[in-house]
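Enquirer: Starting from the structure of chain A, add chain B where the hints point.
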Amino acid sequence: MSDVPLRSRFRLGVRLGGARARHVVLAIRVIAGGGIAIFALSTPGFTSPLSINSLLNAISFIGCVAVGMTFITITGNIMSLALGATVSASALVFLASLSLGVFPAFLVAILFGVVITAVQGALVGYIRANPLLVSIAALSLLIGGAAIATGGQRIYPGGEGLQVFKGRVAGIPVEALYFFGTVIIGQFVLSWTRIGREMIMVGSNLRAAIAAGVNTARAITVAYVLAGACSAVSGVLLAARYGSGDMELGTGYDYTAIAAVLVGGTAIGGGSGSVVRTLVGVTVIAIIATVLLLRGFSQQWQYLITGLIVLAVIMLHTIGERR
Amino acid sequence: MTRMAVLLFNPTARPFTVMIGSILLLALIDRGTGFFLSVGTFFSVMQLFATFGLVALGLGLSILIREFDLSVAGIVGLAGCIAVMTGASNPWLGLLLGVGAGLVSGMVQGLIMTRLHLSSVGVTLGGLLTLQGLTYVLTDNKTIAYPNISVALELNAPIGGLVSVRSAACFAVFVLAALAMTWTHIGRDVIATGSDRRAARIAGLNTDRVVIGVFAASGGCAALAGVLLSYSLGAASPVALADVLATAAAAAIVGGVSVVGGRGSPMGIAAGVLTLCILRSGLSAIGVEPAVHDLVTGFILIAIAFLDAPELFRRVTSWRLARAERGVPERKPP
Chain A
0 MSDVPLRSRF RLGVRLGGAR ARHVVLAIRV IAGGGIAIFA LSTPGFTSPL
50 SINSLLNAIS FIGCVAVGMT FITITGNIMS LALGATVSAS ALVFLASLSL
100 GVFPAFLVAI LFGVVITAVQ GALVGYIRAN PLLVSIAALS LLIGGAAIAT
150 GGQRIYPGGE GLQVFKGRVA GIPVEALYFF GTVIIGQFVL SWTRIGREMI
200 MVGSNLRAAI AAGVNTARAI TVAYVLAGAC SAVSGVLLAA RYGSGDMELG
250 TGYDYTAIAA VLVGGTAIGG GSGSVVRTLV GVTVIAIIAT VLLLRGFSQQ
300 WQYLITGLIV LAVIMLHTIG ERR
Chain B
0 MTRMAVLLFN PTARPFTVMI GSILLLALID RGTGFFLSVG TFFSVMQLFA
50 TFGLVALGLG LSILIREFDL SVAGIVGLAG CIAVMTGASN PWLGLLLGVG
100 AGLVSGMVQG LIMTRLHLSS VGVTLGGLLT LQGLTYVLTD NKTIAYPNIS
150 VALELNAPIG GLVSVRSAAC FAVFVLAALA MTWTHIGRDV IATGSDRRAA
200 RIAGLNTDRV VIGVFAASGG CAALAGVLLS YSLGAASPVA LADVLATAAA
250 AAIVGGVSVV GGRGSPMGIA AGVLTLCILR SGLSAIGVEP AVHDLVTGFI
300 LIAIAFLDAP ELFRRVTSWR LARAERGVPE RKPP
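Keeping their order, the protein sequence lines are chains A and B.
Position one of the first sequence corresponds to residue 0 (numbering that gives the first Met the number 0), numbered consecutively onward.
Position one of the second sequence corresponds to residue 0 (numbering that gives the first Met the number 0), numbered consecutively onward.
Just so you know, these hints were derived from the structure itself, not from any lab.
For clarity, every value in this text was computed on a predicted model and none was experimentally measured.
From the three backbone atoms N, C-alpha and C, an ideal C-beta is built for every residue, glycine too.
Incorrect hints may appear among the rest.
What the hints assert, rightly or not - On the chain B side, residues computed to face chain A include the following (Cβ under 10 Å):
#: 1; residue: VAL258
#: 2; residue: ILE285
#: 3; residue: GLU288
Bound conformation, chain A alone (with noise of 0.2 Å):
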């Protein structure tokens, strides 16, 4: 958000120039990312299929929404507030229809949180209302909405048909291979389609967009429908997996889905980033996770520890980007 400083320095001794710059950042990203690998297979159990499994399954619940946020992120509109809440109600909304069978649940689910960011993404494209407060205006309609028609109950499943996305097949969590499908059809839009380049490019530079004959409010408006597409599906794993579902499902995962867009290097101004990196996000905090739990720290050090790590991660991503 801040602008673009008039001259780079380094303040603590070094100058570094732009091509420099960049290979001393990728030095570090490889030697931080070597430490994490020794540091996790090093730790006893890491590799053992129970551990695997629990840090895939942990991955897919906030990989998607991750995902969808990266769009978001991409597009230049920072974050959204409520894609914890679109995850939680589309759970809710999945869980209500199964009376319909599964397969047109999912697709009520899916459709629902389109069309709850697909609102949001078309104030936020056609009229440039500010993005946050749009979204803090849908986390307050969710969460008002939701408790009126569900009466502050917890949901139950309506009907069979919940193993379609639990269980494991080939060995591997469902939930893993339906994240790692996101994750393709993601990077997909992103990089070989219209729209894709359209959003990267309104990240970039908004003005240079409108010029170039780009529809920016189309632009934006698909990146939130896809936000709020991978949401659902988030959604949808979740109830699946927990079998019944309130509110509180998806309680923070705006912020670390946006931690992991951001830990994966995507630019917080918009404009350059991937799908791929934030699944790279999300596996970096996952593995921490896992690893400080392995390694008997307790909870409150792990909360701490983790967000160092995201801290200084961060740090090391922007200032490689700032030049």
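Expert: Here is chain B on its own, set in the frame of chain A:
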């Protein structure tokens, strides 16, 4: 523009219009039953104001300079826990340490941003997670009770039935901030930094110092809110108030702080916070269930987002022109 439109669209006047509008609306719904327009409701509005007001002020100041301080939510929790843990015998010591921790963490984040030229969202997100972690470590993941219950009673004791010591203190900070922003060079510097940082720097303003100062102030405000809240609840828990950040951001933006920077005032922010607090306690005073508050708040936020949208008029005009062209083809401009 007619006078009504000025009241609604002028960003400086609007926070107050919206606030008075919501008071009138609630009074109308209440229709003289006396549940809404009562001293009790005023008191509870002010108590809510004391909880969210200072956080919104700090966050609003950071939005004013085109940054966004996510870490306020973490600072509220940290400062509350520090105060409760150190201030059992001497509440002033707890207050000092709690607010000090907020000032220092804000300043450190400001230093990181300005020295390394980083964006505030990233740094304060890291800061938020780190501060929350620190709070969990300090409290050992437990709720800490505050034994000195007389402090809690004193803080919440009504003065003249209208305000408590806590809400009066909170309001005093707002007045101080408003005075500083209006009558000293601080206000001018902050507005200049928010409007166009590069121009401000070329004009000879040390914008880095302004940024660090604003983040320190933001941390200090959030910390004060956290300390007062924990003292008056008689307990502090590492589980942060989940909705504090969203509420504070909404209040600041309702209060007329522009997200593109350089526009906004402490009194506007106060009006924004009061609007949300009036809706919350006013609606529950007239017996509306809590879920409806969320809906009403959501609709008001959407309405403000809609009115504030920079492209709204252009879209409406071009839509009208297009319709006129279709309907009355002979009037088509050459």
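Enquirer: Now look at each hint and say whether the structure bears it out.
Expert: The hints, checked one at a time:
Interface hint at B/VAL258: satisfied, since its Cβ lies 5 Å from the closest Cβ of chain A, which is below the 10 Å cut-off. Hint on B/ILE285 is violated. Least Cβ distance to chain A is approximately 17 Å, over the 10 Å limit. The interface hint given for B/GLU288 holds, since its Cβ lies 8 Å from the closest Cβ of chain A, which is under the 10 Å cut-off.
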